[in-house]
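Trainee: Each chain, letter by letter, is given below.
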Amino acid sequence: MYGFEALTFNIHGGYLEAIVRGHRAGLLTTADYNNLSQCENLDDIKMHLSATKYGSYLQNEPSPLHTTTIVEKCTLKLVDDYKHMLCQATEPMSTFLEYIRYGHMIDNVVLIVTGTLHERDVQELIEKCHPLGMFDSIATLAVAQNMRELYRLVLVDTPLAPYFSECLTSEDLDDMNIEIMRNTLYKAYLEDFYKFCQKLGGATAEIMSDLLAFEADRRAVNITINSIGTELTREDRKKLYSNFGLLYPYGHEELAICEDIDQVRGVMEKYPPYQAIFSKMSYGESQMLDKAFYEEEVRRLCLAFEQQFHYAVFFAYMRLREQEIRNLMWISECVAQNQKSRIHDSVVYMF
Amino acid sequence: MAEIYEEGDESMDVNNEAEVKTELGKEGGDENVLQFLDSLDGYLTLMDSLNSKLREGWFDLASARHSMGTLRINSTLLDLKYHPAASTLQVTDQDVESLGSVPHFALSKWASKGGSRKGKDLSTDTDSEIGSPLSPQLRHRGFSEEKPSAKDETILVADEEIKKERAKSLSVFGGLVSPKLRGAQLSFETALETLVEIANMRASMLSAFERITEK
Numbered sequence: 001m002y003g004f005e006a007l008t009f010n011i012h013g014g015y016l017e018a019i020v021r022g023h024r025a026g027l028l029t030t031a032d033y034n035n036l037s038q039c040e041n042l043d044d045i046k047m048h049l050s051a052t053k054y055g056s057y058l059q060n061e062p063s064p065l066h067t068t069t070i071v072e073k074c075t076l077k078l079v080d081d082y083k084h085m086l087c088q089a090t091e092p093m094s095t096f097l098e099y100i101r102y103g104h105m106i107d108n109v110v111l112i113v114t115g116t117l118h119e120r121d122v123q124e125l126i127e128k129c130h131p132l133g134m135f136d137s138i139a140t141l142a143v144a145q146n147m148r149e150l151y152r153l154v155l156v157d158t159p160l161a162p163y164f165s166e167c168l169t170s171e172d173l174d175d176m177n178i179e180i181m182r183n184t185l186y187k188a189y190l191e192d193f194y195k196f197c198q199k200l201g202g203a204t205a206e207i208m209s210d211l212l213a214f215e216a217d218r219r220a221v222n223i224t225i226n227s228i229g230t231e232l233t234r235e236d237r238k239k240l241y242s243n244f245g246l247l248y249p250y251g252h253e254e255l256a257i258c259e260d261i262d263q264v265r266g267v268m269e270k271y272p273p274y275q276a277i278f279s280k281m282s283y284g285e286s287q288m289l290d291k292a293f294y295e296e297e298v299r300r301l302c303l304a305f306e307q308q309f310h311y312a313v314f315f316a317y318m319r320l321r322e323q324e325i326r327n328l329m330w331i332s333e334c335v336a337q338n339q340k341s342r343i344h345d346s347v348v349y350m351f
Numbered sequence: 001m002a003e004i005y006e007e008g009d010e011s012m013d014v015n016n017e018a019e020v021k022t023e024l025g026k027e028g029g030d031e032n033v034l035q036f037l038d039s040l041d042g043y044l045t046l047m048d049s050l051n052s053k054l055r056e057g058w059f060d061l062a063s064a065r066h067s068m069g070t071l072r073i074n075s076t077l078l079d080l081k082y083h084p085a086a087s088t089l090q091v092t093d094q095d096v097e098s099l100g101s102v103p104h105f106a107l108s109k110w111a112s113k114g115g116s117r118k119g120k121d122l123s124t125d126t127d128s129e130i131g132s133p134l135s136p137q138l139r140h141r142g143f144s145e146e147k148p149s150a151k152d153e154t155i156l157v158a159d160e161e162i163k164k165e166r167a168k169s170l171s172v173f174g175g176l177v178s179p180k181l182r183g184a185q186l187s188f189e190t191a192l193e194t195l196v197e198i199a200n201m202r203a204s205m206l207s208a209f210e211r212i213t214e215k
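Keeping their order, the protein sequence lines are chains A and B. Under this note's numbering, the first sequence has 36 at position 36, and the numbering climbs by one with no breaks. Under this note's numbering, the second sequence has 39 at position 39, and the numbering climbs by one with no breaks.
The following block holds chain A by itself, in its conformation from the complex (with noise of 0.2 Å):
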């Protein structure tokens, strides 16, 4: 029963809500950003982490450095929290932590899958892919030439089986079917997970359903945007929108039809909380679409730390470290291209 959560929630989630509240405290500040900003080096970012959560992931890093070293060690720094809390964790908060991770198997079934189109050797690929997102059948991917092997072969065992209902095909697998199959399956994992937080009730529920809504119209507009002047048609782009959010269902009537981005605007400023998203770019301009909607995001994770006895923290600490990890490859690469007065143009600031 909602508001009853502060009786039995400490007995299986309490030390962990706890580690994930003491691991919120430890992310970067506006000052921190700021001082990272001044840097005239990677050497120097990476002397700045070193006072930071960072610090043991970055110190053994010879000189110089790239950024995407600086991303992956970041990451793993993600990746060590998460398993942490996820060891930790019963059911239902292990099948939700485990939720979590299958968008980024499935970034990494696609990175796979094209990448041996492309024919890279699979050992590279595998380097590549997001540590969240492994799975042990994972190189098998190379050997499938349509997606009805790739289902049959390897994903009938993970837990991205139950999305493929939707692209079951036997056409071989090119760029385009590849793309259709990404956005298939997120959209299938987001209603999945949906579910599952409506089910669980109470405070997660409805924190989620918010997060996931938002996170939701966020992939339409991004979908509708990335295929203005594509090949993809109007039935194929409304197929990749899920059937959930505030956009659901006429808002997607709209965007499938849209041609260019301010029609897209057009749509979008019918719901008032998006209109404040849009209201901050000009006509004709997308370039600061992306910012917009992370900060949109962030405020949102943030609200979910405002509540106790309830899952949704965990979600949001994982969303606002990737963020965090986004920020400083950002600020990295302003940094090694010279660039620092366009720093600001990207990095979200969460307190």
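What you were told as hints is all true, and nothing was included just to trick you.
Below, computed lysine-lysine pairings styled on DSS-like, alpha-carbon distance capped at 25 Å: (1) A/128 x B/81; (2) A/128 x B/168; (3) B/53 x B/163; (4) A/238 x B/164; (5) A/340 x B/53; (6) A/238 x B/163.
Cβ-to-Cβ under 10 Å is the rule here; a few derived chain A residues that face chain B: (7) 178; (8) 182; (9) 232.
What follows is a set of in silico ranges between Cβ atoms, one per label pair, in the way DEER data are often shown: (10) A/263 x B/163: 18 to 28 Å; (11) A/35 x B/49: 29 to 39 Å; (12) B/69 x A/273: 23 to 33 Å; (13) B/157 x A/253: 30 to 40 Å; (14) B/157 x A/156: 44 to 54 Å; (15) A/153 x B/69: 22 to 32 Å; (16) B/40 x A/234: 49 to 59 Å; (17) B/69 x A/192: 19 to 29 Å; (18) A/344 x B/40: 31 to 41 Å.
Just so you know, the hints here were simulated from the structure itself, not pulled from any lab data. Since this is a predicted model, take the numbers as computed values, not measurements. The C-beta atom is built at its ideal place from N, Cα and C for all residues, glycine as well.
Starting from the known structure of chain A, arrange chain B on it as the hints suggest.
Mentor: Same frame as chain A, now just chain B:
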């Protein structure tokens, strides 16, 4: 007096001729120097433009990685299958009136597979309407009853082909890519055109310099 005058005339003619030849020689030399300085100015401007375009391209690429994720844009996705080059460069010797034989570089962008060239020489045709659909046209008052000319249709078809080739080369990163990645592609494409212009400008600059040092 007339005899003296005649002798003076001859010496004056010779002197005048020598002076004219010297003047012409100086003008020719000045012209070569001017040509060299013009080429040098053009070369430096193009280098600056190249630097700016490359910075823009790398920055847009970083923006695209930030937007789409490092897993979607990385070097392991580049295609190792055999495929023909998207652009080719031809080097020929061209006779220029004041400079003699000068190497000329011509870029063919987005040449199709199979060797048939659908691309065009963009290094010399910078004012061409192909690839620039916004080029100025005559304004007609009232409703124009002129039908689209065959040339306009050819331009539109060529534009569509180029758009398809661009999308095809970006498809290694997926079917749906961020507009920032497309922006990066355009920046690098412009940088490639600028490089070819720099090569031509450098060739004419070196040729002008040789003519100056010969004299």
